[in-house]
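**Q** Its first residue numbered 38, the sequence shown is counted upward by one per residue in the working numbering.
Simulated from the structure, these hints should not be mistaken for laboratory data. Hints are not guaranteed to be accurate.
[Unchecked claim] Simulated crosslink set (BS3-like; lysine-lysine; CA at most 27 angstroms straight-line):
no.: 1; residue 1: K68; residue 2: K145
no.: 2; residue 1: K64; residue 2: K164
no.: 3; residue 1: K39; residue 2: K172
no.: 4; residue 1: K145; residue 2: K172
[As the list claims (entries may be wrong)] Label pairs and their in silico Cβ distance ranges:
no.: 5; residue 1: G54; residue 2: L77; range: 21 to 29 angstroms
no.: 6; residue 1: K64; residue 2: K102; range: 30 to 38 angstroms
no.: 7; residue 1: V113; residue 2: K145; range: 43 to 51 angstroms
no.: 8; residue 1: K68; residue 2: N48; range: 35 to 43 angstroms
Fair warning: this is a prediction, and the values are worked out from it, not measured in the lab. Think of the CB as a built atom: it goes at the ideal place given N, C-alpha and C, for glycine as much as any other residue.
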Amino acid sequence: MKSYTEYLTYNIPSRRGFVNITSEVRKIIQKSGINEGLCLVNAMHITASVFINDNESGLHQDYEKWLEEIAPHEPVSQYEHNKTGEDNADAHLKRQVMGREVVVAITKGQLDFGPWEQIFYGEFDGKRPKRVLVKVIGE
Numbered sequence: 038m039k040s041y042t043e044y045l046t047y048n049i050p051s052r053r054g055f056v057n058i059t060s061e062v063r064k065i066i067q068k069s070g071i072n073e074g075l076c077l078v079n080a081m082h083i084t085a086s087v088f089i090n091d092n093e094s095g096l097h098q099d100y101e102k103w104l105e106e107i108a109p110h111e112p113v114s115q116y117e118h119n120k121t122g123e124d125n126a127d128a129h130l131k132r133q134v135m136g137r138e139v140v141v142a143i144t145k146g147q148l149d150f151g152p153w154e155q156i157f158y159g160e161f162d163g164k165r166p167k168r169v170l171v172k173v174i175g176e
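Based on the sequences and whatever the hints tell you, model everything.
**A** In C-alpha cells, the structure reads:
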C-alpha cells in the first residue's frame with residue numbers, strides 16, 4: 038500500500054466562508070498515482086471544517102443562516118470559552134456541527150462521488166492561515 042500527503046493552506050479574509058476545494062483534492066490524487074484507495078481530507082484547526090455537499094450558492098447561504106441561528110457569534114459574552122480572552126466560541130461549535138473531515142473512495146484514480154457531491158473547506162473564525170491535510174492511501 039502507498040500513501041501520499043499534501044497540505045493546503047487557506048486564509049479566508051472574512052470571519053466565515055466556504056471554499057470548494059474539490060479540484061485541488063483531485064489534483065493531489067492524480068499526483069499520488071493511487072488508483073484504488075481512500076482520500077482523507079481533514080481541517081487541521083478547531084474552528085474550521087471540511088464537509089461534502091452540493092455546490093449551490095443558496096445552500097451555502099442557508100448554512101450561514103442556520104449556523105448563525107444555532108451558534109450566534111454575538112453577543113460574545115454568552116459563551117464561557119470567550120471569558121478566556123477569545124471571541125470565537127461560536128466557531129468551535131459551528132465546526133462541531135459541520136465536521137472535521139471527510140473520507141472519499143478513490144476508484145480508477147478518481148473521487149468516487151455521488152452526482153452532486155463536492156468537498157468544501159468551511160471557515161468559522163477566519164483572517165489567518167489554516168491548513169487542510171489531504172492524505173491518499175491505496176494502490
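**Q** Are the hints correct? Go through all of them and say.
**A** Status of each hint after checking the structure:
1. K68 - K145: holds (14 angstroms)
2. K64 - K164: holds (26 angstroms)
3. K39 - K172: Holds - the C-alpha atoms of K172 and K39 are around 10 angstroms apart, at most 27 angstroms.
4. K145 - K172: Cα-Cα ~17 angstroms, so holds.
5. G54 - L77: 21 to 29 angstroms: holds (22 angstroms)
6. K64 - K102: 30 to 38 angstroms: Hint holds: Cβ distance 32 angstroms, inside 30 to 38 angstroms.
7. V113 - K145: 43 to 51 angstroms: holds (49 angstroms)
8. K68 - N48: 35 to 43 angstroms: violated (23 angstroms)
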